[in-house]
Structure formats: structure tokens, C-alpha cells
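Sequence order for the protein chains is A and B. Going by numbering that gives the first Met the number 0, the first residue of the first sequence is number 0, and it counts up by one from there. Going by numbering that gives the first Met the number 0, the first residue of the second sequence is number 0, and it counts up by one from there.
It is worth saying that the hints were derived from the structure and are not from the lab. Please note that the accuracy of each hint is not assured.
As the list claims (entries may be wrong) - When the alpha-carbon atoms are kept at most 20 angstroms apart in a straight line, the in silico SDA-like pairs for lysine to any residue are as follows:
1) LYS186(B) x PRO68(A)
2) LYS186(B) x ARG74(A)
3) LYS186(B) x ALA210(B)
4) LYS186(B) x ALA70(B)
5) LYS108(A) x LEU163(B)
6) LYS186(B) x ARG66(A)
7) LYS186(B) x LYS12(A)
8) LYS186(B) x ILE49(A)
Claimed, not checked - Have a look at the derived ranges for each label pair, beta carbon to beta carbon:
9) ALA174(A) x TRP289(B): 49 to 57 angstroms
10) GLY11(A) x ILE77(B): 23 to 31 angstroms
11) ASN219(B) x SER135(A): 46 to 54 angstroms
12) GLY11(A) x LEU142(B): 58 to 66 angstroms
13) ARG299(B) x SER132(A): 22 to 30 angstroms
14) ALA174(A) x LEU73(B): 47 to 55 angstroms
For each residue, glycine too, the CB sits at the ideal point set by N, CA and C.
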Amino acid sequence: MLEIHDLHLSYGKVRAVQGVSLEVADGEIVALIGANGAGKSSTMHAVCGIERPSSGHIRFLGRAITRMPPHRIMRRGIVQVPEGRLIFGGLTVEQNLRLGAHNVAGRAKTGADIKRVLEAFPMLRERLDEPGSALSGGQAQMLALARGLMARPRLLILDEPSLGLAPIAALDVFALIPRLRDAGVTILLVEQNVRQALAIADRGYVLESGRIILDGKAAELAEHELLVSAYLGLQRGG
Amino acid sequence: MDDLYLITVLSNIGMISFIALSAYLLLVVGEISFGQQAFFAVSAYGSGIATAMWGWPIWLGLLWGALVAGAAALVVAIPTVRLRGLYFSVATLAFAEMVRLIFEIFTYQVEIDGELVGPDGSDGFRDIRAIYDSNVSAFEYMLIIYGLLAVVLIGFLILERSRLGAIFRMIGEDPMLTEMQGLNVTKYKILAVVMAGIVAGIGGALYAHLATYVEPKIFNVMLGVHALAYGLIGGLGTAFGPLIGVAIDIGLLESIRAISGYRMIVFGGLVALLLIVRPRGLLDEAAMHWLRGRWRGLVRAES
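Only chain A is shown next, with the shape it has when bound in the complex (with noise of 0.2 angstroms):
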């Protein structure tokens, strides 16, 4: 569904990504791992053109869309959660979930759209006229990924979703993203949360100084000793 090929990213000398290749099948989750710093934001920023990459390719649905505009690559069915709750607080809760469908051909649908993504959210619902602003941490991100899924993606990029949330709002969001690969979305989740991201997905990719160092099944990954190591050290037995 998503081929990146050698993908190299630059912020002036500093080199964020440097020969990024991965793929994401149809169906699956896929965990991008690694630490501050080792180019995860970068690689997604490319993938949904808010980055423009200094070479490399990146494919979705057989078709490039390297250096192509954040809207027409979003249009095509990649949709970025991006890391920090972003929702629009000016904004009443109905405002961000109907702006987040604009893309869907025929407005008509967006009724029944937010009708189901409330089935999924329902502690949105008595919220819909209260301003952005006045959601917690928990339920901001809750609205970002009810947002993502109004535009009814193929592929959704949820980065960081976990950061900075209460554990047990944490705990709900890592819930919810198996159920949306059920209801046939693919996923990309970014995550320095390691162990809970590798406990829901189906493959891993680990990031390090921009490069991948390792790759493989979520499941052999989380046993992987590098990992044990340098990520889940002082977790292990625990």
C-alpha cells in the first residue's frame, strides 16, 4: 500500500533521514519506533508532503507521490493524526469532525460519517457544541482520531498518539487502534511508547540517527535483545 525507498530528509546541514525504506501492507499495523530524534516526525512529514524530501521515492496504492502537496496526498487517502492533539480550539467539537470530511465526495454523507465516528467516540457525542478548547488531554485526541476518520482514509498516520496522555486515556487510544484496523483502515503508528506499540502491531520498524536498524515482526521485535536494551530495559519482567 505505502513503499518509501531511500528516502533522505534535510533541515539545512542537519541530516534527519538518511535512506528510510519501508512498507506497509494492506490491513496491517505498523509500528515506527525509536527515539527523540531518529527522524520518525521527518519520514511521516515526507510521507504527507509537509516535508519535502532531497531524494528517494515514496509510492501509495501503486502510484508516486513524492513531493506532491499535503492536500492532494490526503486526498489519496493518507491521513496524518498528527503528534500532540492537534484539533482546532476556536473550533466547536461538530466543526473539527465535519472540516475533517471536507475531503469525501458528497457533503451529503457527512451526517451519517459523524454518526459513526461518534459510535466509535461515544464521549464526543454531548460534546459536539462545546468549543475544542474545552476537551482534556484524553478526549482532544480522541477527537483528532474521530477527525482522521471522517476523511475516511486508507491509511492512517497516527504520530505519537500516546504522548503526554494520562496512562489510562493512553491505555483507551492503544485500545481503540486494533478496532480500526478491523474496520479496514491501515495503520502507521509512530510511538516511543515501545512495548505497548509492538503489543498491537503486526510488523516494527526501529529508527535510529535517521536510519532503520532493524525490522521485522512486532512480536520477534519486542524479544529482540537490542530492543530489551536500549528501549525496554527497565521494563522487562516488570
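For this one, chain A is given, so just place chain B on it according to the hints.
Chain B in isolation, oriented as in the chain A frame:
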């Protein structure tokens, strides 16, 4: 005499409201323009030329002025909307000064009834007499101003409840996140700049015909700064905000004799104070959400 004074003040409030709404629309999409006076000026000249020199009827002159301002805004928008923050502000300021300086040297006159009529560089453009020639009284003209203002204001209120209005507010909050929703931010920003240009243009055309005389120095940067300040005082949560700002400045400050001569100081102080206490003005987004909630509650209680 007092009536005429009142009519003049009210007419001024009405005309300035257009440029205040114009600057407000750009504030909503997150851009600070120091150059809305340019569109006011382009339309003042354009509509004056149409009525005084080409003999067009007033209504057509007003429409023409607004369209010319809209076209000028499109020309400004295409290269500048990709600029972010301060760069956009500086670009709009530079454009407005450029327009003003062009009018300083722009001469285009024709002889009508033995007299030269038309813009004459820094001497300005005299005898834009269309409303006096057709015997429109000051009171009637004030009604025309407020009629058009009502139309524009209703347009703004419809806009605020529409998808387009929500998209403008999204861009104002976070352009990159808006782009991620599949929206072409550049396109919408160009649209906002053009709409703002047209709105300022309506005010400029009305102004030229009431004053009958325009000169380049009226359209200096202070006009644009005031236009911005009105939205910042009155609030960015609703189109009524900039109108409240205009009413406070022209209606209140100018009429309080005790502060005459110090008006700009009081005005500047007021802007500074509000920017600290209420950075998005009196009627900001939170205030509007609260008011709308109260309103819904009232409606429910009634039914």
C-alpha cells in the same frame, strides 16, 4: 447643524467599518495586514474616475470600485500569501505605500464643461460630485452607507456559520494542520485577501463620494493601523467585534471633548491595554461561545 454633525459622524463610522471588517477578515485567517488602506484608496480613485470622468451612475461606480479593489487584492495575494507572519505584514505595508506613492504622481484628467476633472497627482482628485449632482442628501447617503454595511455584515455572519468561515478560522489557528485536513490553504488565503480587498473597496468608494475629494496622503499607514486596531479592540470572535472597535474610537473617543487632542494617546493606550488583558479583543472566540450557549439556553427555555 447638530443633525448634520451627527450624520457626518455616523457616516464616518459606517465607512470606516468597511475597512475595519476588511482587516478583521485577515486577522481571522491569521494574517496581520498593514495595507488595507491601499484597497480603500484604489476603490476611492477607481469609483471616482468612473462617476466623475466616465459619467457612470453611482451604483455602478461603487461596484466598479469594489471590483478594482478586489482585483488589486488578487494581484497582491498571489505572491504574498505564502509568506508567513511578519513577512506578510511587511509585504502588505510595502504594497500600500507603493500604491500611495503611485497616486502621488498619477495624473489622468479630462475636460468636462470647460474644467479639468480627474486625479492630479499629489493635488488629489477633486469634484467627485455624483451624489450632489443627483441630489442625494447627507441623510440619504448615510442610509446608503448603512444599507451596504448591513449587507456586508449579514454576509460576514453567514460566512461565520458556513464551512468557509470555519476553514478561515482553522487557517488562522494552524495553517499546517489545516493543510493536513486536505485543504488547499494557499487557495483559501487568496480568497480571503480578495474578499477583504472588496470589502475595503466598498468603504473607499463610499468615502470618495461623500468627501468629493481624495488625495493620496489620506491613505497613509495610520488608516491601516486603525483598521487593524478596531478588530483587536472589539474582538476577533465575531464580525460585530471590529464594528464595536470603530464605535469606541470614532463614536466615543472623538466625541468626548475632554480628551480632544489626546485622542490618539488614549486610543493607543486602549489598544495596548486590551492586547495585554484580552489579546483577541472584547468579543473573542471564548466570549462568543459563551454568548451562543446562553442564547441556545434562552431559545430552549422559550419553546
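We went through each hint and held it up to the structure:
For the given pair, LYS186(B) sits about 12 angstroms from PRO68(A) by alpha-carbon distance, which is consistent with the 20 angstroms threshold. With a C-alpha separation of about 16 angstroms, the suggested pair LYS186(B) and ARG74(A) falls inside the 20 angstroms cut-off, and the hint holds. At roughly 36 angstroms between alpha-carbon atoms, LYS186(B) and ALA210(B) are farther apart than 20 angstroms, so this suggested pair is violated. Between the alpha carbons of LYS186(B) and ALA70(B) the distance comes to roughly 15 angstroms, so the proposed pair stays at or under 20 angstroms and holds.
Taking the CA atoms of LYS108(A) and LEU163(B), the gap is about 18 angstroms. The hint holds against a cut of 20 angstroms. Annotation: proposed proximity of LYS186(B) to ARG66(A) holds, straight-line Cα distance about 18 angstroms (limit 20 angstroms). Straight-line distance between C-alpha atoms of LYS186(B) and LYS12(A) comes to about 32 angstroms, which puts the hinted pair past the 20 angstroms bound. Distance restraint check for LYS186(B) and ILE49(A): the Cα-Cα separation of roughly 17 angstroms lies within the 20 angstroms cut-off, and the hinted pair is therefore satisfied.
The supplied range of 49 to 57 angstroms is broken by ALA174(A) and TRP289(B), whose beta-carbon atoms lie about 35 angstroms from each other. A hinted range of 23 to 31 angstroms for the beta carbons of GLY11(A) and ILE77(B) is consistent with their spacing of about 28 angstroms. A C-beta distance of roughly 49 angstroms is found between ASN219(B) and SER135(A), which places it inside the suggested range of 46 to 54 angstroms. A hinted range of 58 to 66 angstroms for the beta carbons of GLY11(A) and LEU142(B) is consistent with their spacing of about 60 angstroms.
Checking the proposed 22 to 30 angstroms range against ARG299(B) and SER132(A) shows it holds: the Cβ atoms sit about 24 angstroms from each other. Taking 47 to 55 angstroms as the suggested C-beta distance range, the pair ALA174(A) and LEU73(B) conforms, at roughly 50 angstroms.
Hint check: violations occur at hints 3, 7 and 9; the rest are consistent with the structure.
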